[in-house]
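Undergrad: Chain by chain, the residues:
2 protein chains.
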Amino acid sequence: MSERCSLVLCCGSLLTLSLLTQMLVVHKYGGTSMGSIERIKSVAERVAKWHRAGHKVVVVPSAMSGETNRLLGLAKEVSANADPRELDQIASTGEQVSVGLLAIALQSLGVKSRSYTGWQAGIKTDSAFTKARISEINGDMLLKALDGGEVPIVTGFQGIDPDGNITTLGRGGSDTQAVAVAAAIKADECLIYTDVDAIYTTDPRVEPDAKPLKVISFEEMFELASLGSKVLQIRSVEFAGKYKVPTRVLSSFTDADIPIEVEAKSGTLITFEEDEKMEQAVVSGIAFNRDEAKITIRGVPDQPGVAYKIIGPVGDANVDIDMIVQNIGEKGTTDFSFTVHRNEFRKAMDVLNNQVKGAIGAKEVVGDDKVCKVSIVGIGMRSHVGIAAKMFKALADENINIQMITTSEIKTSVLVDDKYMELAVRALHRAFELDKVGA
Amino acid sequence: MSERCSLVLCCGSLLTLSLLTQMLVVHKYGGTSMGSIERIKSVAERVAKWHRAGHKVVVVPSAMSGETNRLLGLAKEVSANADPRELDQIASTGEQVSVGLLAIALQSLGVKSRSYTGWQAGIKTDSAFTKARISEINGDMLLKALDGGEVPIVTGFQGIDPDGNITTLGRGGSDTQAVAVAAAIKADECLIYTDVDAIYTTDPRVEPDAKPLKVISFEEMFELASLGSKVLQIRSVEFAGKYKVPTRVLSSFTDADIPIEVEAKSGTLITFEEDEKMEQAVVSGIAFNRDEAKITIRGVPDQPGVAYKIIGPVGDANVDIDMIVQNIGEKGTTDFSFTVHRNEFRKAMDVLNNQVKGAIGAKEVVGDDKVCKVSIVGIGMRSHVGIAAKMFKALADENINIQMITTSEIKTSVLVDDKYMELAVRALHRAFELDKVGA
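Protein sequences appear in the order of chains A and B.
Oh and the first sequence: position 432 is 432 in the working numbering, straight run, nothing missing.
Oh and the second sequence: position 116 is 116 in the working numbering, straight run, nothing missing.
Check each hint, because a few of them may be wrong.
Simulated pairs of lysine-lysine, DSS-like, Cα-Cα distance not exceeding 27 Å [to be verified]:
hint: 1; chain 1: A; residue 1: Lys-112; chain 2: B; residue 2: Lys-41
hint: 2; chain 1: A; residue 1: Lys-49; chain 2: B; residue 2: Lys-393
hint: 3; chain 1: B; residue 1: Lys-49; chain 2: B; residue 2: Lys-242
hint: 4; chain 1: B; residue 1: Lys-390; chain 2: A; residue 2: Lys-76
Interface residues of chain A toward chain B, partial, derived using beta-carbon atoms under 8 Å [as the list claims (entries may be wrong)]:
hint: 5; residue: Gly-35
hint: 6; residue: Ile-37
hint: 7; residue: Gln-107
hint: 8; residue: Leu-146
hint: 9; residue: Glu-150
If you are wondering where the hints come from, they were derived from the structure by calculation, not from laboratory data.
Just so it is clear, CB atoms sit at the ideal spot from N, CA and C, and this is done for glycine as well.
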């Protein structure tokens, strides 16, 4: 049997030793990593290296980059309102091609390998076409293939519903599939190979001193994904959390022949263990989102049910709402503010002006689409007081005005003027000493 | 229930009447007919027309033209010796995309439609990847879909083997699949829509007076397919014969809105009925094949087993042999001649010179790759004497020397010098009065 190995928590010498034991892992490769025949061959070399070292590997590759868009583009040319079942029938072929190509590439390296579609691998989903949810994965078939010395390649992003229809999990579903496969076979680790080399304390394009995190808690990763980090799809993080699958984000653009010992501890591990030895950072990272727009309704009569009367029509117009803040106002009225995606700002403003303002007797509707959200995320916030205060002080020191605040157990978000975004991120990065992570 | 309707055998007034009864038909569309989104929409319009007229239609489309080659090209880039199982996993996606697109196109015309992969439609095959044979089709699911007012779209060219692997039927397998589906649901007719508008008495590019045949017998069609006619894949003709599926070859490039009455009697019907009223042509068509090369071994000792000693090594070298003729020679020796595909001429010559000639004590090996085969095909030959003689006379009148002759019950083939091919085809077309067919 393989043995669980929480790499980054071990000291160096233990690390090398533990790696000599056989691991059961899932490798997931994104569309960019599968972007050309050359890259597919390079993925095959990386997988072959793990296989030859005695590890058991299941691979979940995405479609070649651009392929899913090409396929859905064809469908859109036929009809703008295509049947979601047929879209899934079509879009699922992108992954089917890439698993076949990767199996061939592995075989030509002398590795026994075989490709499986979602339904062949026993991945069952509900019938919500184009955004199906995995209901069950029977890992027996994959485990049997592994016992036979095979490297099974499983399509990402898809499964089969109770009526035998092909379903897809929606964009980013390959991450979720990989984590779900890892859960089904009780893998020691799910390795998500991607075009970034780690989760960073913040976006290095904004803060050059951003540092890669060796380890991040599941809860923090979940908040980061919710805040719009594109590295991992939020549902894959949910799945990892639900089934406690240790999941690692690492780069597929390192040389395929770097030693496994090095590769296996690279990137960022999303962990479920609260290790004593792990020095718990109070704040792990700074997230930000430029896609926000703020809307305020002033002079709203302060009565029960008024929040619903404002938010209801906006939701009916298919506009998602992010932050919501209601302040106590004066003379029996209140101000009600919320944020929406910047693309939906005009739509939301129209709904409020035409359907809501008069109906509830509000004074005015004002909006601003030049705002952004900056958040600090850290599991240490649970046990440390004064973190929010430190955040507000850091921003005040830079004369950055805070327009809205929301908090959760391990996250504090503020809305600030768009033009201060970089400044705010850098100030917070420095204030929480994230430039010293890993030093 | 639908009612069998042998259209071309009816007179005009009966024809219109019988078409008013509901028919159960399979439509098959080739890659060219599915070559672009515009063409797919045009196919949908044609199918919708049949559906709206009250007929039950199952559609079997090919992959979009060029798509199967593109997919196999990708696999070839990865490895020249790709695993056939993986090739099928990859190549089968071409049809999966086109069934989805066609279902969407039908839905956007207001027709209830749904796509099915080979395995979803219950098409079982053996495990001979890339050239699997259909072992069973359970038509229940398709019949149920039809009863629900649906137009089921089934992938051509593929099925599932007993272990749940995706298989493909090999090139041209969509024709076979269509005929097999028609057999499984006991369709009244299988309509093969293609880029030619009928089976002709001979190739119109060689003989401008070639005439389209309204009807051809299964046996004749089988011989034509064996002789290299590209219109129908030989295995689809075999299948049609085995299950007695009336199969019609017709054009998909007529206007989609021509009346069903006209469309349903267009093209050529391959029939199993020997109708009294059908004026039986003695010879139905002239076939020819330019890909032949002739090899003769002279002075072969006339002993039992010598044919095997010659043909055996050639077959071992994977060279297919077509015509074989052995003449009585003089002084206890014989001449042995056969034909091979022109591309394999050099390979076969090498085998004979290096492995066979010395071993059997033959005098010499001579070859000629400037030959072609011309054949007359006709079910009437069974009951008419002197047909071969008439053929030989027609060729003699044109001073065309016959190099080899082979015959079957309904076919006579001759090998002649390449340069006489057009002349021979035209002389035979005239001699058997094929220019007067349908007049």
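Undergrad: Take the hints in turn and mark each one as holding or not.
TA: Evaluated hints:
no.	hint	in the structure
1	Lys-112/A with Lys-41/B	violated (43 Å)
2	Lys-49/A with Lys-393/B	violated (72 Å)
3	Lys-49/B with Lys-242/B	violated (30 Å)
4	Lys-390/B with Lys-76/A	violated (60 Å)
5	Gly-35	violated (12 Å)
6	Ile-37	holds (4 Å)
7	Gln-107	holds (5 Å)
8	Leu-146	violated (17 Å)
9	Glu-150	violated (12 Å)
When held up to the earlier numbered hints, the structure conflicts with 1, 2, 3, 4, 5, 8, 9 and fits the remainder.
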